[in-house]
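K.L.:
Residue numbers (our numbering), protein chains in the order written: chain A, 1 to 116; chain B, 117 to 229.
The hints are simulated quantities; they were obtained by calculation from the structure and are not laboratory data. Keep in mind the model is a prediction, meaning the values are calculated, not measured. Just so it is clear, CB atoms sit at the ideal spot from N, CA and C, and this is done for glycine as well. Any given hint might turn out to be false.
Pair by pair, the computed Cβ-Cβ distance ranges are [said to hold, decoys possible]:
| # | chain 1 | residue 1 | chain 2 | residue 2 | range |
| --- | --- | --- | --- | --- | --- |
| 1 | B | D171 | A | T78 | 21 to 29 angstroms |
| 2 | B | Y155 | A | P8 | 32 to 40 angstroms |
| 3 | B | D174 | A | S53 | 44 to 52 angstroms |
| 4 | A | A2 | B | K172 | 26 to 34 angstroms |
| 5 | B | P126 | A | G3 | 27 to 35 angstroms |
| 6 | B | S156 | A | V74 | 23 to 31 angstroms |
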Amino acid sequence: GAGVSQSPSNKVTEKGKDVELRCDPISGHTALYWYRQSLGQGLEFLIYFQGNSAPDKSGLPSDRFSAERTGGSVSTLTIQRTQQEDSAVYLCASSLGLAGGHETQYFGPGTRLLVL
Amino acid sequence: QKEVEQNSGPLSVPEGAIASLNCTYSDRVSQSFFWYRQYSGKSPELIMSIYSNGDKEDGRFTAQLNKASQYVSLLIRDSQPSDSATYLCAVDAGGTSYGKLTFGQGTILTVHP
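Hey, can you work out the whole structure from these sequences and the hints?
P.N.:
Here you go:
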């Protein structure tokens, strides 16, 4: 079956513009995660959605970052008033969302964001 | 702050040798441990997961977990040039941190013919 898909694969924007990044999880996966990977910071957790529960937003670096998940499937990560330090690869992952833990997260190909 | 530390590398081994990748974690209650492989310009790909103390083998890969020492390792036997990649150790602390993987900085492995 299809894996996690993300779009766009690359995005170049000007400082101060808003961007939207999209993630389509693996069919049947109820848990969805956003991570950011940059040279200086490695791979960092941003936000986690599980079913209809309130998302865990504890990794969002500022209030310019927000995410939503519609219908328990597709998710959009929005960055408002982008800054150069937002340049990174934004990775989405999904997992089955089973109770009891030990979940394996499967990553999408990522969106490479460059803020000029 | 929960931390995951990996041997800094880069690690270079000859083809056919055993590559040993190490990882320590700071949160004693961590429950799930993962090794991901990441080729340059690609996304992380799961290699192994381990949840209980001891060894877990899958083909040429063996993961080892020692919760008392807060240590997890990955051994790659009969290393091949195609194993050359960055290896990321990831830890899920569970509990209120469930779902949030904390990653190490990665170890770059080069297998030379």
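K.L.:
Look at each hint and say if it fits the structure.
P.N.:
Outcome of the hint check:
In this structure, B/D171 and A/T78 break the distance hint of 21 to 29 angstroms, their C-beta atoms being roughly 44 angstroms apart. With their beta carbons about 21 angstroms apart, B/Y155 and A/P8 fall outside the hinted range of 32 to 40 angstroms. A C-beta distance of roughly 33 angstroms is found between B/D174 and A/S53, which places it outside the suggested range of 44 to 52 angstroms. About 28 angstroms separates the C-beta atoms of A/A2 and B/K172, a value consistent with the hinted range of 26 to 34 angstroms.
Roughly 29 angstroms separates the CB atoms of B/P126 and A/G3, a value that falls within the hinted 27 to 35 angstroms. Restraint check, B/S156 to A/V74: a C-beta distance of roughly 29 angstroms satisfies the suggested window 23 to 31 angstroms.
The earlier numbered hints that this structure contradicts are 1, 2 and 3.
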